[in-house]
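According to our numbering, the sequence shown is numbered sequentially starting from 1.
Careful, some of the hints might be misleading.
Distance windows between CB atoms, simulated [to be verified]:
#: 1; residue 1: PHE79; residue 2: THR13; range: 26 to 32 angstroms
#: 2; residue 1: ASN111; residue 2: SER86; range: 38 to 44 angstroms
#: 3; residue 1: THR13; residue 2: PHE82; range: 20 to 26 angstroms
#: 4; residue 1: SER61; residue 2: VAL35; range: 21 to 27 angstroms
#: 5; residue 1: ALA12; residue 2: GLY69; range: 42 to 48 angstroms
#: 6; residue 1: PHE7; residue 2: SER61; range: 14 to 20 angstroms
No wet-lab data here; the hints were simulated from the structure. Heads up, the beta-carbon is just placed ideally off N, CA and C, and yes, glycines get one too.
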Amino acid sequence: TVTFQVFWTSTATDTDGVSWALQGVAVSDNETIDVAYGTAVVVDDACQSAAEELYVAPESSAVTIASSGSIADGDLCYFRIFRDVSDSNDDAAEDARLIGVKLFYTTDAKNDA
1 TVTFQVFWTS TATDTDGVSW ALQGVAVSDN ETIDVAYGTA VVVDDACQSA AEELYVAPES
61 SAVTIASSGS IADGDLCYFR IFRDVSDSND DAAEDARLIG VKLFYTTDAK NDA
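Input sequences plus hints: build the corresponding full structure.
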């Protein structure tokens, strides 16, 4: 699993809410990349009354990365991030602009070799 944090901005001056979602999938060598992503995890944040300011969402809960087989060292992970306008906390009518995403993960050794 991983967790994530979203850096974003708004085009309006208000305090409306925005919901961001992330999902992931891991693919091994010689496997199809046409596989289903894992369940999306949503994190909510809100504008803080001024347009074009940097907003930093709270860290998400754990995102489970899906796989067509067993996840292995060396797999390539694909991520899909989107604004979840169907979430009840997303009530902003204006555009929300994604600036960046920070991923948090744990390694299994000092050098992860």
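Under the constraints set out in the numbered hints, which ones does this structure not fulfil? none
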